[in-house]
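Asker: Residues per chain, in single letters:
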Amino acid sequence: MNKLWRPLEPAFVANPYPMYQQLRETDPVHQAQTGEWVITRYQDIKEIFKNPAFSAGNRLDWLKRGITYFNNKEEDLYAIYQAMNTFLNLLNPPRHTAVRALIAKAWTSKEVDEIIVRNIDRLLKEIKEKTFDIIKQFAQPLPVLTISDILGIPTNDYRYVKQLGATLTEAFSLYVSFKELVTINQAAKDMISFFREHLEKKKQHPDQSLMSSIISTNQRESVGLTDDELVSLYIFLFNSGEETTSNLIGSGFYNLLRNPESFQQLQQEPEVMPSAVEELLRYDPSVQIAGRMCIENFPLRDKVIPKGATVSLVIGSANRDPEVFKNPNELNITRDPNRHLTFGSGIHYCMGDWLARKQAQLAFTALLSHFKSPKLEENSVEWNKILTFRSLKTMRVTVA
Amino acid sequence: MKLTQLQIEKILKEEIAVEVKRPVSELDSQVHFASHGLDSLNCIYVLYQVEKKLEIELNPSVFWDYPTIFSLAEHLHQIQAPNE
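As you go down the protein sequences, you meet chains D and L in turn.
For what it's worth, the numbering used here labels the leading residue of the first sequence as 84, then goes sequentially.
For what it's worth, the numbering used here labels the leading residue of the second sequence as 261, then goes sequentially.
Hints listed in this document are in silico derivations from the structure and should not be mistaken for laboratory results.
All C-beta atoms, glycine included, are put in the ideal place defined by N, C-alpha and C.
Just so you know, not all the hints are guaranteed correct.
Taking beta-carbon pairs under 7 Å as the criterion, some of the chain L residues facing chain D (in silico) [unchecked claim]:
{"id": "1", "residue": "I304"}
{"id": "2", "residue": "Y308"}
{"id": "3", "residue": "W324"}
One-sided and incomplete, this derived list gives chain D residues near chain L with beta-carbon spacing under 10 Å [to be verified]:
{"id": "4", "residue": "A181"}
{"id": "5", "residue": "S256"}
{"id": "6", "residue": "L257"}
Please work from the sequences and hints to get the whole structure.
Answerer: What follows is the structure, given as structure tokens:
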């Protein structure tokens, strides 16, 4: 088969950038065999992010239609929709504006350094082996511990909730099977009951946590979110607070290990860290593809994207567009300017960018000083098989 | 028991006919699935039924990679487990 868009082929999931490059060069506004439009150039993606001719949340509509459809097959998938109905990335104005403002008002404390550093220390202390899986033992647990502390849920449950969250995230996968939908629905049910239980606890015993603060802000400002919607919002905050940052720490450390000069430069010049994190964000973005729905015919280059079409914005490709980034396939930790689209653009620009940046900076700083010259075990590197979210499954390192 | 390509084609037609509420005789093996009225949702369900009948696991993208009844049947026939 000779197709430009091959999102499920293992070789392209492990390294999608050659496929992106071919699309950018030969057909930047590409209608895939699956019907959706695949956009790969930086300027086009930025334009669509900002243009009201495109709305977010086509996935939510699709799930809603799916639930009705599968109901007729005696399969109830409603929990998936219920779990995701207040996901900020799937909402449109005016509801999007109201929920976003609620989070901004409720989340007043941005002093999280202490929490992050405490969690980093805890994880580093638990690493006793000379060769270990840095994904499973550090990159995955760190952000989930941090977001659990921020939300106010017990950290001893983190593995359980994280697993549920990862399963729920598969609902964003471009192509899912029926069996997967049934599994996702079960995870959604379990996640809803977990957060509902904690919602009740926080109502009875309010504390300093973000969960409590959201409950009181919702009342005070008359935002009017129901309990079901609050639970969905918690699930959204939990998921978006942990998985993407895990991926950033995992693939970021991988890229530093593969570029020893950058690794050493950072050890010697820690002030370069903020710029290095920007470059790691650009180089291997965790969210590779953002989905949009076209709500009016939209001419782009030599084509017209029709009303109703589903559009896949390939952020991973925008970040490697040579029209914007010089030597895009090279990791340059002092790149300036570095206007990557990893956090999106426009009204859906990521609200947790500061937390992701801070966590990654503190994590890499700790790793670089704790392990002087770690060695990457190349054969152990395995990427997860989902193109939408670029993440390492395993990566072993050996330390002296 | 390994099925012939023709038998697989018949299974596909029967499953699709139920989903799009049309008689099997009206389904042309050579046209794109979308022309039969299949969308991304009922494709998922047809795939699930085919997986059960053929006792195989399929990638959700096969409908797009083999977009006609004929080409999908040919592909499924190739990947079937050999006779024990």
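Asker: Regarding the hint that A181 (chain D) lies at the interface with chain L, is the smallest CB-CB distance below 10 Å?
Answerer: Hint violated; A181 (chain D) Cβ to chain L Cβ min 30 Å, cut 10 Å.
Asker: For the hint on S256 (chain D), just tell me whether its beta-carbon gets within less than 10 Å of chain L.
Answerer: Holds: closest Cβ of chain L sits about 8 Å from S256 (chain D), inside 10 Å.
Asker: Quick check on I304 (chain L) please, does its C-beta sit within 7 Å of some C-beta on chain D?
Answerer: Holds, about 5 Å.
Asker: Return the status of the interface hint for Y308 (chain L): holds when the least beta-carbon distance to chain D is below 7 Å, violated otherwise.
Answerer: Status holds, d = 4 Å.
Asker: Grab the minimum C-beta distance from W324 (chain L) to chain D and call the hint holds if it beats 7 Å, violated otherwise.
Answerer: This hint holds: W324 (chain L) lies near chain D, its Cβ roughly 5 Å from the closest one there, short of 7 Å.
Asker: Let's test the interface hint: is any C-beta of chain L closer than 10 Å to that of L257 (chain D)?
Answerer: holds (8 Å)
Checked against the numbered hints given earlier, this structure breaks only hint 4.
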